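Given next are the chains, with one letter for each unit.
There are 2 protein chains.
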Amino acid sequence: MALSIENPKPEAEAGLNDLVALVADGMARVNTTILSRTGSDVAMIPEVANHLIASGGKRLRPILTLACAKLCGYAGEGDVKLAASVEFMHTATLLHDDVVDESDMRRGRVAARIKWGNEASVLVGDFLLGQAFRMMVEVGSLRALDILSAAATVIAEGEVMQLTNAKNLETDEAAYLAVIRGKTAELFAAACEVGPVLAGRPEAEHAAARAYGMNLGIAFQLIDDVLDYGGTSAELGKNVGDDFREGKITLPIVLAYRRASEGERGFWRRTLQQGEIGEDDLGTALDLLQRHGALEETVARAHHYGAQARAALDIFPDGPVKTALNGAVDFCVARAR
Amino acid sequence: MALSIENPKPEAEAGLNDLVALVADGMARVNTTILSRTGSDVAMIPEVANHLIASGGKRLRPILTLACAKLCGYAGEGDVKLAASVEFMHTATLLHDDVVDESDMRRGRVAARIKWGNEASVLVGDFLLGQAFRMMVEVGSLRALDILSAAATVIAEGEVMQLTNAKNLETDEAAYLAVIRGKTAELFAAACEVGPVLAGRPEAEHAAARAYGMNLGIAFQLIDDVLDYGGTSAELGKNVGDDFREGKITLPIVLAYRRASEGERGFWRRTLQQGEIGEDDLGTALDLLQRHGALEETVARAHHYGAQARAALDIFPDGPVKTALNGAVDFCVARAR
Chain A
1 MALSIENPKP EAEAGLNDLV ALVADGMARV NTTILSRTGS DVAMIPEVAN
51 HLIASGGKRL RPILTLACAK LCGYAGEGDV KLAASVEFMH TATLLHDDVV
101 DESDMRRGRV AARIKWGNEA SVLVGDFLLG QAFRMMVEVG SLRALDILSA
151 AATVIAEGEV MQLTNAKNLE TDEAAYLAVI RGKTAELFAA ACEVGPVLAG
201 RPEAEHAAAR AYGMNLGIAF QLIDDVLDYG GTSAELGKNV GDDFREGKIT
251 LPIVLAYRRA SEGERGFWRR TLQQGEIGED DLGTALDLLQ RHGALEETVA
301 RAHHYGAQAR AALDIFPDGP VKTALNGAVD FCVARAR
Chain B
1001 MALSIENPKP EAEAGLNDLV ALVADGMARV NTTILSRTGS DVAMIPEVAN
1051 HLIASGGKRL RPILTLACAK LCGYAGEGDV KLAASVEFMH TATLLHDDVV
1101 DESDMRRGRV AARIKWGNEA SVLVGDFLLG QAFRMMVEVG SLRALDILSA
1151 AATVIAEGEV MQLTNAKNLE TDEAAYLAVI RGKTAELFAA ACEVGPVLAG
1201 RPEAEHAAAR AYGMNLGIAF QLIDDVLDYG GTSAELGKNV GDDFREGKIT
1251 LPIVLAYRRA SEGERGFWRR TLQQGEIGED DLGTALDLLQ RHGALEETVA
1301 RAHHYGAQAR AALDIFPDGP VKTALNGAVD FCVARAR
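In order, the protein sequences belong to chains A and B. In terms of my numbering, the first sequence opens at residue 1 and continues consecutively. In terms of my numbering, the second sequence opens at residue 1001 and continues consecutively.
Mixed in with the good hints, there may be bad ones.
The calculated lysine-lysine pairs, modelled on DSSO-like cross-linking and capped at a C-alpha distance of 27 angstroms, are [stated by the list, open to error]:
#1 B/Lys1167 / B/Lys1248
#2 B/Lys1248 / B/Lys1115
#3 B/Lys1248 / A/Lys115
#4 B/Lys1167 / A/Lys115
#5 B/Lys1167 / A/Lys167
#6 A/Lys248 / B/Lys1115
Pair ranges (Cβ atoms, derived) [what the hints assert, rightly or not]:
#7 B/Arg1107 / A/Gln273: 33 to 41 angstroms
#8 A/Arg29 / B/Glu1138: 27 to 35 angstroms
#9 A/Asp318 / B/Glu1203: 46 to 54 angstroms
The hints are simulated quantities; they were obtained by calculation from the structure and are not laboratory data. These numbers come from a predicted model, not from an experiment. The beta carbon of each residue, even a glycine, is placed where N, CA and C say it ideally should be.
With these hints in hand, go ahead and build the complete structure from the sequences.
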């Protein structure tokens, strides 16, 4: 069966369980912080924010912040606020993405923009971004502020790049990677890097945590892009084909297009470039992706970045947190089977 | 003739000239900073950002930051980056506002969202917000970061409040004031407050600069709302009636509706609440605003806040900067005549 990111296979989920258990206390405080910081006298703000925040999601990014702080022996409280900041930055991005993509659904619920309008999604996203920065300021680490504010600009750059590449079948693997580094992996990287920063650890550990997060984020997005076509089993499940309908040029498409016959290229141009999509076209797209091994190869790329993420952790001492962070890599790449 | 904010009467403009001259050197560096910080390898970002940034606007907010720093004897370079940050926050708000209001025009040019789409306006706004925070972090004042990040959330709250009040004729003066304090005056206040903060001046001066900016911002927005109906001369000029067509409940409307006959209330309900606006309706609206003195009274309110802005400056020593800041008050309120 095709898997949505919110319903991973049990064995994949298990990969994350150790990490979740290790930071459970901190995450309880993160969740309290998130709840209190969406509060506003303007009633629409918590309504819109909580519609999305309460709808689940694994909170992988704040978990990473807590775990990397713990990995570095951090004993203060700053990681909780930075983790909540990271989740707010992510939530703001989702709200704005829905407007950009004109999405109707998000995390299996109707998108906030459908329920409250594009206006509310834009403005509540801005509010959450502001609250994220306020919390960072409260923590008081200029270095962490620098990392996370830089991430905010890189995320926006990645999203604009994606916009520029949309419907452009000439997009190559390097251009695709630049997009996902920006729109997804940069926040994973920043979420991880602030752990050793808070703990006052040497630069080498900042860089290692950052590299772990960056590679994990790339692997995560690659698998997401595979899951959008139903995983490597390529069976049709719900939520399958959103990227196809939006003309997003993800790696499976890049690979399949490069290997396509002239007739197949015509199919991709009609559907992705010109947006003329008929009832049977998603099925045809899945056939073509299978024929050229595009989904399997994208998963193989994810394994490559996953291996780099694991290698980045080598400089940290062995222990339960490091083991659990490795488990998170397994979780991210195993979702697509 | 009715005046647009970009074409103030010569005598009103004169009120600002002294201030502009006093901070001209700093503003040249602010403009260089703005130009370099909109740079990105993603070509669409500087295109969209500069479309709006290069289209003029008086850069009143960054001027206020430089002037308040100068008023407090600040001799460093941090004010330039904070001033550029303030302008980026403002520009991001305008880009997002255009999406929220579905505006076609901005500063006499076609709005970025029309030229590049809503997506680009949302994302480039996010990019500029990120860059604003990066510059603040570079300046390194946690206090200034706190003030400006808090302002970011308050601005978003004000905008959401405005959204909530839209088309609601029961909005009263207090609710209207809460909206413009948030969406406009808070950034004026923060722009001013960071001056004495950078200069390391006592708390009383932070509060005074903040009060000056807050009251100036309220006066500025009140006059803007009057100008949207063509100023107190109530002649039809270009760009007149945007608020009317969008169903925005500004103070002139609040006042006229309170004083309206039952028949007049029906007119306001049909046009502003139900959005049924015919060709002659703007003319009728102007007649009603005149009949009830709603525009004159809004200008009177602006004078009241202008007086409070001037009074807030009392604790600072007399001198050319203080005189010029008082001149800025004259400029803001004189625009409506």
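Against the structure, the hints:
no., hint, result
1, B/Lys1167 / B/Lys1248, "holds, 6 angstroms"
2, B/Lys1248 / B/Lys1115, "holds, 25 angstroms"
3, B/Lys1248 / A/Lys115, "holds, 21 angstroms"
4, B/Lys1167 / A/Lys115, "holds, 18 angstroms"
5, B/Lys1167 / A/Lys167, "violated, 39 angstroms"
6, A/Lys248 / B/Lys1115, "holds, 21 angstroms"
7, B/Arg1107 / A/Gln273: 33 to 41 angstroms, "holds, 35 angstroms"
8, A/Arg29 / B/Glu1138: 27 to 35 angstroms, "holds, 30 angstroms"
9, A/Asp318 / B/Glu1203: 46 to 54 angstroms, "holds, 51 angstroms"
Consistency with the previously given hints fails for number 5 only.
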